[in-house]
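Engineer: Starting from the known structure of chain A, fit chain B onto it as the hints suggest.
Protein chains in written order, with my numbering: chain A, 1 to 456; chain B, 1 to 456.
Keep in mind the hints are simulated off the structure, nothing from the lab.
It does not matter which identical chain is used: a pair holds within one copy or between any two.
Calculated lysine-lysine pairs in the DSS-like style (CA-CA distance at most 27 Å, straight line):
no., residue 1, residue 2
1, Lys315, Lys373
2, Lys401, Lys373
3, Lys186, Lys149
4, Lys33, Lys136
5, Lys136, Lys103
6, Lys139, Lys33
7, Lys373, Lys346
8, Lys315, Lys403
Protein chains: 2
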Amino acid sequence: MKSVLITILTTFSFFPAQTLDSLINKKADMIIKSALTEQIGYQLLEELTELGGRVSGSASSLSAINWAKLKMEELGLANVYLQEAMVPHWVRNDIESAEIRFKKIRMANRSLNIAALGGSIGTPAEGIVGNVLEVKNFKELETRKAEAKGKIIFYNRAFDNTNVNPFISYGMAVDQRVFGAIEASKYGAKAVIVRSVTSKPDNTPHVGVMRYADSLAKIPACAIGVQDADFLSGMLKTDPDLQISIKLNCENLPEIMSYNVIGEIEGSEYPDEIIVIGGHLDAWDKGSGAHDDGGGCMQSIDALLLLKAVGYTPKRTIRCVLFTNEENGSGGAEAYADSALKSGEKHIAGIESDRGLGTPRGFSVTADSLTLKKMNSWLPLLNKSLIDWIRPGGSGADIGKIKNMQAYIGYVPDSQRYFDYHHSANDTFDVVHPREMQLGSASMAILLMLISEYGI
Amino acid sequence: MKSVLITILTTFSFFPAQTLDSLINKKADMIIKSALTEQIGYQLLEELTELGGRVSGSASSLSAINWAKLKMEELGLANVYLQEAMVPHWVRNDIESAEIRFKKIRMANRSLNIAALGGSIGTPAEGIVGNVLEVKNFKELETRKAEAKGKIIFYNRAFDNTNVNPFISYGMAVDQRVFGAIEASKYGAKAVIVRSVTSKPDNTPHVGVMRYADSLAKIPACAIGVQDADFLSGMLKTDPDLQISIKLNCENLPEIMSYNVIGEIEGSEYPDEIIVIGGHLDAWDKGSGAHDDGGGCMQSIDALLLLKAVGYTPKRTIRCVLFTNEENGSGGAEAYADSALKSGEKHIAGIESDRGLGTPRGFSVTADSLTLKKMNSWLPLLNKSLIDWIRPGGSGADIGKIKNMQAYIGYVPDSQRYFDYHHSANDTFDVVHPREMQLGSASMAILLMLISEYGI
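This is chain A alone, in the form it adopts within the complex (with noise of 0.2 Å):
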């Protein structure tokens, strides 16, 4: 790019903002300058990723849960409290390794960078030992029944980078890791291994939730960096009887109390009317959560912190929830949803920042169409910091068991690195950008504002 002959982009003067109130629309451009200079949800996602994993039930998922609470304090958030969800309890333990055992090949025993799936069992002591069978799919194992008994089900379909969106591909690969040990299983073989579900060539293991059934034998399941599953996969070629070894001492334990992390600005003329913003505090532990969702919390924190900072009062009551326990069975959420149920409080809008930390795009709304076109007449505000569109579409996971709310809204921010990232020891702070952290803050900021101001 010339030095010297700077050409302005137009960005700021595409929309005419002519419809909207001047001082929402300065209120907006303070949200984006202090949102920038300041970096709060930045600086606060630093501090939440020194305290280690975030594992639902987890010693340090609750030193995480202490410290939101405080900090929701300390800023200046009112009615400040933890709301109980019990939570599934797994735990990784200390050891998890894998080794191939040639037979054919003359060549020492081989490591293999594997991780437990998240809700996995443990292996025996002495570890598991077996047969590979590889397959892509569970139509693929289904015709090949025959041979998976007392074998390790090597699921080795690829995540597909040929999806503009990486989340259609995520969907397209990911049944292999929640459903691999169930289907496995049926055909009594002994451990699952998983190709890991990313878009990255390294050999990292991206970990996630698998699931068992209760009708069927519970067997050992992990994922495998994609380097090693294509090394893997191309041992099995020229030495098909090959063994791996596999040794898991991951275990569940008996549910546990967790908590949501709720604080909000009260409304001044209609508190009575409750606008939810939140992302999901637990996080897969081989990283430190900052992509999924770590920086979506702190984004949602930051939201609330930068209304305050510009001065603005909201005429509706604005609330930030940090769930628990998205990853592996949705406990928060569901606490959340009944005790709002219970309470009769109206929910009018929920807003959602749960993929990942990119440079806004837009937000993806589940509403009627007078909702939609009431939110898209707000463009021109939204806009100034990036949005580009609102478009029909889903929300998230935890808003979403939230009973009958006129607008369910997914914050969509650049998704291409996502997936490098999600449920990996890639995804850590160094990896997080500050002004795209920041322009997301922003964005949720400004959208809560005119929520708030103009109801919905």
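Structural biologist: Here is chain B on its own, set in the frame of chain A:
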């Protein structure tokens, strides 16, 4: 993000593509799949960035030019040739250092992270030693001109990170770098140190072109990393008489011949109507010019190859031009524009990629309102590769020189990280994301196809 409950975004179905030819629609899908699968542009960029720095007139720049010509031929472009252009020949050479010599503070000399600005003269072999006058802008310098004589002027105005569009922040700070030596020389200063114009708070110097006035003494000019700029500013507060010594052996040699690299696909119906796509192959030398602008060049080649890969035969001629000498002279752009004017070739539109390799956002277009309206009718197809808008605005420094085109089009990717890398050692292949870059190739290929098919 929830592992099981996948909410598919509706990104692809928002704009109905009813008015567009279904074959073109299908080709657009094929272009995107091919771009993300084959990643030709990304692979070419890896090769290019291994060839070293590409400052205009340098031996390694000539290697890159010859490499690019060979690649165009190998990959099947037509009428490949090198077009002569005289360019400045500035050489960094091997000596660039600076250190603080404290007077009041009892500290050993402290070295500073500096790099000569492009076009700067060197210092005498023994270096320049001087006291320091820190200013924020030319106005402050004028006010304090009585203090400037014999001093080293330290321009320390920071990049304003509160603008949503970092190009605006760049435009607000870059005068220090480009014109700082001229302004300082007016008042008898002996050298210039300029705070790096960057959004990233690290200590890497960000260079770029600087200018002299023929009527004034030429004085050496260098960039300093922003951490060292802050350190120096702090030290000056307690030790205002500290001195800095600077040694540079960069030099300006006589103008030298360089070349634009040109290749094309000839139009089948209107071969005389030319659509240009390009970027600039020259780059500053501290990094490897991946984002600025090797990537834009490789996307331009890739766009033509994608059209060939999907079997699209353009009605109009599509020409790829890799311009030389954008960074410090525009010699390549002028040579191309002059040649086009003399030959009488009819150029109907030009696309330039020179804003980095982020995820596509839009196209910024200089054209009449009818042309803009026509291009906006193509958004359904362009949106497939994440182009959300087409807006009036500037295009690019290279295609901007071509006379009488109907449309001057700038490709606009996400720019939040661009000035972290720009003109510095940070601008390397490893900070390019393949999916983001390849979606840019696809966006431009689709736009080329539309212009070629329907005119403009």
